Each structure stands twice: as C-alpha cells, then as structure tokens.
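Residue numbers (the UniProt record's numbering), protein chains in the order written: chain P, 1 to 287; chain X, 1 to 235; chain Y, 1 to 358.
Listed next, with one range per pair, are the computed distances between beta-carbon atoms:
#	chain 1	residue 1	chain 2	residue 2	range
1	P	Leu7	X	Ala116	53 to 59 Å
2	P	Leu56	Y	Trp309	27 to 33 Å
3	X	Phe16	Y	Ile113	43 to 49 Å
4	Y	Asp96	P	Ser129	57 to 63 Å
5	P	Leu132	X	Lys107	48 to 54 Å
6	Y	Val106	X	Tyr13	49 to 55 Å
Partner residues are not named here, just some residues of chain X that face chain P (Cβ under 8 Å, in silico):
#	residue
7	Ser92
8	Glu97
9	Leu100
Hints were generated in silico from the structure; no laboratory data involved. Bear in mind that the values here come from a model prediction, so they are computed numbers and not experimental data. Note that the Cβ used here is the ideal one computed from N, Cα and C, for glycine as well.
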Amino acid sequence: MIWLDTLVQGILLGGLYALFAAGLSLVFGIMRLVNLAHGDLIVMAAYLILLLVTLLGLSPFVAAAIAAPLMYLIGWGLQKHLLNRTLGTDILPPLLVTFGLSIALQNALLEGFSADSQRLPTGEISTASVDLGVMTVGVLPLLTFGSAVAVIVGLNQLFYRTELGRAFRATSDDPTTASLMGIRPSDIFAKATAIAMLVVTLAALYLGMRSNFDPNIGPARLIYAFQAVIIGGLGSLWGTLAGGIIIGLAQTIGAAINPEWQILAGHVAFLIVLLLRPRGLFPRAFD
Amino acid sequence: MSLLTTTGLTAHYGDFQALFGVDIALNEGETIAIIGANGAGKTTLMRSISGVLQNGPEMITLSGQPIGGLSADQILPLGLAMVPEGRRLFPSLSVEENLLIGTYGRKVDGYWSLEAIYDLFPILAERRNNPGTALSGGQQQMVAIGRALMSNPKVLLCDEISLGLAPVVIKDIYAAVPKIQASGASLIVVEQDIGQAMKVADRVYCMMEGRVTLEGTPDSFSRNDIHAAYFGVSA
Amino acid sequence: MTTQTQTPAYVVTTQTKASQITAVAACALLAALVLLPFVAGRGLIQDLFFVLTMLVLAQFWNLLAGYGGMVSIGQQAFVGMGAYAMFGGVILAGIDPIPAILLGGVAALIVAIPTAFFAFRLQGPYFAIGTWVIAEVMRLIMAQTQSLGGGTGTSLPRAATREMWATEWIAELFDVRNSAARDILTYWLALALAAASIAAIYALLRSKPGLALSAVRDNPEAAKSVGVDAGRMKWVVFLSSAFGTGLAGALIYVQKARISPDAAFSVTDWTAYVLFIVIIGGIGTIEGPIIGVIIFFLLQSLLADFGSWYLFTLGIIGILVMLIAPRGLWGLITDKTGIQLFPVRRRLSGGTQDTSDT
Chain P
1 MIWLDTLVQG ILLGGLYALF AAGLSLVFGI MRLVNLAHGD LIVMAAYLIL LLVTLLGLSP
61 FVAAAIAAPL MYLIGWGLQK HLLNRTLGTD ILPPLLVTFG LSIALQNALL EGFSADSQRL
121 PTGEISTASV DLGVMTVGVL PLLTFGSAVA VIVGLNQLFY RTELGRAFRA TSDDPTTASL
181 MGIRPSDIFA KATAIAMLVV TLAALYLGMR SNFDPNIGPA RLIYAFQAVI IGGLGSLWGT
241 LAGGIIIGLA QTIGAAINPE WQILAGHVAF LIVLLLRPRG LFPRAFD
Chain X
1 MSLLTTTGLT AHYGDFQALF GVDIALNEGE TIAIIGANGA GKTTLMRSIS GVLQNGPEMI
61 TLSGQPIGGL SADQILPLGL AMVPEGRRLF PSLSVEENLL IGTYGRKVDG YWSLEAIYDL
121 FPILAERRNN PGTALSGGQQ QMVAIGRALM SNPKVLLCDE ISLGLAPVVI KDIYAAVPKI
181 QASGASLIVV EQDIGQAMKV ADRVYCMMEG RVTLEGTPDS FSRNDIHAAY FGVSA
Chain Y
1 MTTQTQTPAY VVTTQTKASQ ITAVAACALL AALVLLPFVA GRGLIQDLFF VLTMLVLAQF
61 WNLLAGYGGM VSIGQQAFVG MGAYAMFGGV ILAGIDPIPA ILLGGVAALI VAIPTAFFAF
121 RLQGPYFAIG TWVIAEVMRL IMAQTQSLGG GTGTSLPRAA TREMWATEWI AELFDVRNSA
181 ARDILTYWLA LALAAASIAA IYALLRSKPG LALSAVRDNP EAAKSVGVDA GRMKWVVFLS
241 SAFGTGLAGA LIYVQKARIS PDAAFSVTDW TAYVLFIVII GGIGTIEGPI IGVIIFFLLQ
301 SLLADFGSWY LFTLGIIGIL VMLIAPRGLW GLITDKTGIQ LFPVRRRLSG GTQDTSDT
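Take the sequences, apply the hints, and build the full model.
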C-alpha cells in the first residue's frame, strides 16, 4: 500500500512540475527561445501573490487572479522590448540575456524580500484530504494536478482551435511568410510569452501554497521544468505533462528509498530518458 | 494615377546591390508580367514591394501612398498580397487553416472567401483537412494562391508560380488567372516561363542584372528583342 | 650561372605589428608578475590570485562557447570535480596538494567524457541547461560522499597544507609565515596556469584544427562539406576546456583549503561570473576575457559592499552589453582601432613584387 501511495504522490507532484514546464514548452514551441529566467519568474510571481495577500488580506486564489493580468503585462513587455531583440540564428544572445535576467531577478528579490523562506497562507485546504478507500490524497496536490491538466487542455485548445493559435503555429513554422499574411511576429511572440506568464502565475500559486520558497529557488524550478519539457519532447504539451509526471515519480520514489536521493533520482531519470530517447517521448514529426 | 509604382527602386543585400533604379507601374485592373533570367532581380523586386525587404519610403507607392518603408504585415492590410516563391505553406497548418491564415486579425469583405477559393480550386475542398505539405506541388501552389487571395487584395504578386511544376499542372494553375483578373484584382506575375506570362499579361517588363531592360505590350516586340533584353545578347 | 633568390610573391601571416609588440610586452609583464611578491603585500597577491584563476576559467569557457559554439552553464562541474579530486588525493591517498592539482585536471577530463556523451545529444539552449543538470548531479553525488565531508564539506588536513611542496623554501626566501608563503606559491601557480592556458589556447586556435574550429562555428554545414570533422573538434574543445577548468578548480581549492559541495559546484561563482567576464570583455577573442576579468575585479571592489545589488548590477550590465555591443568591449576597441593582439586569422600579403625568371 505504501508503494501505491508513493506512486500517486509522484504523479500528483508531476502535476506541479508540468505547471512549471507548460509556459516554457509553449514559448519554446513558438519561438525556439529557452528563457533561463523562467524559474525566477515563477518565484517573482509567488512574491507578487504573497505581497497581495499580506497587503490586502486576500486569499491566495484571489491574489493570484489579480497577479495574473499583471504578470501577463510583464511577460508581454519583457518579450516585446527585451527578448525579441535577442532572437535570430545566433543562440548566444537569448541565452546570455535570459541568464543575466535570471541573476538580476534573483538578486532584486533577495534585496526586496530577504533570503527568508516564505509561504502563502492556505487555511484548511493545505491539510484537507479526500479518502479514496485504499488511501487518502491531499486536496491541494489533487487541485494542482487538475489545474495542470486543465492548463494543458486549455493551451491545446488555444493552439489548435483559435485564430491566435493558428498564428502561433504559422509564425513558429516561418515568421517571414507569416508576416506576408499580415501577422507581426514580434506581437505574436509577445502574446505567447504573456500567456506563458499566466501559466507561471498559476504555477507560482501552487508552489507558494505547497512549500516554502525563497529568492534562490528559481534555477532549480527551471531545471525541473526543462527536464519535463525535454522528456516529453519539444513542442508537445501533453508530452510536457508526461515529462512532469516522470520527474515527479522519480523524485518521490527516490525519496522513498533515501530522503537525500529525491532530487538526484529526478536528474538520473532525465539522463536515462535522454540516453534512450534523445528527442523525448513524444517528439513532433518535423522541426 | 497608377495603382502601384516603383520609382528608382534600389535594393541591397549587405554590400551586394541587387536592384539599380527600377521603375515599374501597375494600373488598376491590369496584369503585368516581369520576366528575366535567374538572378535578374525579379524576386528581390517582389520582396521589396511586399515589404519583406525595406526600402526608401517614397520608392514604392500603393494608391498614391508611400509604402517602401513599411514591413510586410503593415502592407498587407493596405491591399497587397503575395504568393511567395516556393509556395511556403505552413507545415503545421491544414489546407483550410493555411487559407484562413490569409485573413488573420481582420474581417475582409470582397469576392474571395473559403467558398470562392474552393470553387476556384475544387480539389482543395476535398483535401481541406490534410496538412498543407502533404499535397502535390501543384495543389500546394493552389493553396498558396488561395491563401493570398483570402485577404481580397487590390494587388496580387505571384512570384514564380510555375516553378518546379509539370507543364500540365502549370496549365491548370494559369487557368485560374483569368478568374482572378475578373474578380477585380490587379496582378504582377513574375515568371521565367515567358510563354505563360505573355499570355496573361497586358504589359511586360523584362529585367536583367537589377535593371529593367525592356518594357511594352506582349505583341509589341519580337523574339529577338526579348532575347537581347533577357540575356544581353542578340540571338 | 646566376643564382636567383626568389622572393615569394605572396606571404601568409597571422602576425600583426600589434601582436609582435604584444609578445614582447607579455614577456615583460610575465617577468614583472613573477617578481611581484618581492614588493607586493599579501592582500594584492590574494587579489591577483583571484583575478588569474578567474581569467583561466574565462579563457576556457570562451574557448568552449566563443570558439566552439557550445554555450555551457555547467563549467562548475569541472571546477568542483577538479577540487574534489585534489581533496581526495590529499585526504584519501596522502598525496601532496601541489601534485594533487594535476589529479584534479585529470579527474575533470575523465568525468568530461560521459558528460560530453550526454550533452552532445542536446542542441543549443538544451545543451546549456543539460550541462547544468549534469553539474547538479555531480554536486548531489559529492554531497553523498561521506569520506570527503558529505553535504557539509571538509578542510585540507593542517599537516598537508603546512608541509606543502616549496612552501618552506618560499617562507625562508621571503621571510614570511607559512600561510603567506602558501599564498605566494598558489599565486605563482595561478600565474603559470594563466600564461600556459592563454598560450595553449592561442596555439590551438592558430593550428589547422583551430582554424577548422572557426569554420565550424561560422558555418557547420559548409565546414562539413569541405571535410572538416566538426564532431571531433567538439570533443577536443570540450575535453581540453574541462581539463583546464579542472586544474583551475583544484588550484583554487588548494588556496581555499576548505571545500563544500554547494561552494565547489556553485553556478554563480564558477559559471555566472565567468560568463559576465567573457561577455563584457568580448566573446570569441583571447583579449576579451583579459579585459573582462579586469573590469569584473574593479566592479567587485567597487560594489562588493552592496551585497545582492552587486550581482543585480552585473546581470543588468551583461544584458546591456549583449544588446548594445554583443562583441563586448574588445569588439568595440577593435572596431575603432583595428588592433588585434592575438591575431588568429591568416592574412595574405605581398603579391606586388615582380618575380621574373631568367
């Protein structure tokens, strides 16, 4: 029974990692940009929610709903005014600029909020659980997982059912020809990053309610997100969910064997997948 | 006044100058053909007019408005669309999505709609849900033309629409041109296939090494004139 | 019979006037730096040790990213493994710390082989984060290695540091205490390592395979079509960069004499700083990291008291340089003056002489 419990915990933890990863996957799929500040942006969103909770006395969910449009604007501006200028055939500028951004964000947060650990107040929800007969499962992990699935479904709908999604795919295929269709690639990229920041806000909400956070944890979240994206296969959103679950499972199983092996087990799972399936589990047909 | 003009148009790729003062004019309802050998500057001219390349603002006008400095996405809404060389369909979009992307972000009134395109190229209706790149070369060219028509442009640029296609397929594609002309659009047809171009064009420009070397109605010049303008030598 | 001295019409050179002056100036500077401990205080020697070791790390990251096109964020893996191998040699095998530095380089080289095997499966940005993950794996493994202090780390045994090779001789020569003698020794080693690294990288870049490297960076497809083996060059660059970084890591930790996994595998200390040094100075040149490390040191001296604002500023400067002057300060200087101190490109000159044969 303990093993079943471990498996379920692992899958649910994977939901959180898929939330970390979905924004990264979306942005990469559209503009081949890896934002090394992704983890730090999640942490920044968590502090934004915390700020709204403490200043206005809101519940974290309401605070996240207010933070989301702000993060949307931040993402839009960041892409439009900074990251778009780094896109091109050379991979150095986007990598180094987002790395610089990561360092700057981390240290600005340190300066603003100190290195102390914080947590979003959750009330009863953090201890509530549902009895599934064979085991009990926490409401918060379930909610996280459900949100991850909802985000993946929503992004897929956006991608394959809307005019904006069509423009996303067309621009991703061929920005020059897309501009001949009246699409402005820099606007499309800005919208994509803005939408990714909505997902980042949701990820930040669950991160902040489920565990402590401080300004330095961003890079590790980036790594988990990145591993989920690579395991799933570049550009595949369902693959990203699968990747998140694999990392979550590996970490939970590793931790069940030896608590100190949690993170290491996730990394090792990633390296094994990389060794056996270099293009991930669900690579897209063309690239 | 001409619908579209270029005046002293120059274009550069880095240090390399590709166009040396090109003057052309397209009148309302007219079809002009631009012919010339490989490297004559035809495609550069198309890329300049469509806004893929930027030029001096006054070098190109559309309905009297200077558009030389605008980007492609700014020019399209003004009523100028292009069928790019090599078709360039979006591989992750289906045939129908490729057509719909032609109207991105705008409500477009006019003759051309999905139904009108499917009427023009019935085979596309059958294959509407296939990925664009799963089609044959000729069918892909139909999608590319339909995609550009979806924005109901005043001016349609067709860059090498016969390139790489079998003669019988080229005939099918060119069979659509009169219908496009009848819808009221003015056309610029860039071709290496002189025969096809001459048949549909009201006037012809011949280019060589980045300059216009011959201009006139198709019946106004001889084979020899074209040969001289095309290759720089007389036959 | 006349003997005809034939003057070659064309001469291929890589030398420039500036490079000849540089060679002379570099020798003079090297001599001055070797003799510096006779006049300088301990603080300056320690500062210079820091500058020189950062310069070595920067040169090797620049070789990897600037010339090899492999943007790694995982160089801390080799600093850490080099340092831990040195500690292992001293603590577990009783080797003197100085020869154990070589052990550090070799260990980094060895772990670089499987690392490359994994990382080369990833392209561009994924290579960057992939190398980072591998460095994290090494950090976590070292944190589990109880014989070298586990997660909390350990120190070099006092006996080993006191009796380190040549310290006694230096202590007598300079009439200083053992700890100051150790600083002078590590400073000299850092100086030797920096000079040797620059010379070796310069030699590599000027060699035929080195030129192939530039070709691969500029256009991998074209390089392949003229028979340049891009894959093999990637291995050569990755492994030599790991070896040099491992040596530097081991040397840094001989001086620090105390190690922990978090410090030895720190992405900030061993990769972020190094990145900024190279970007600010000018990526893809040998001069760039030299200028970068000087600016980095000045910035650190100026802003060190401001804590996180210092790193914040560094991040912002990095972004601005990348956007405004992507080839760094040295790029600006060469654009303005045309000076090249370490010319790699071969230039064709001559061709005007008349070599008529009779």
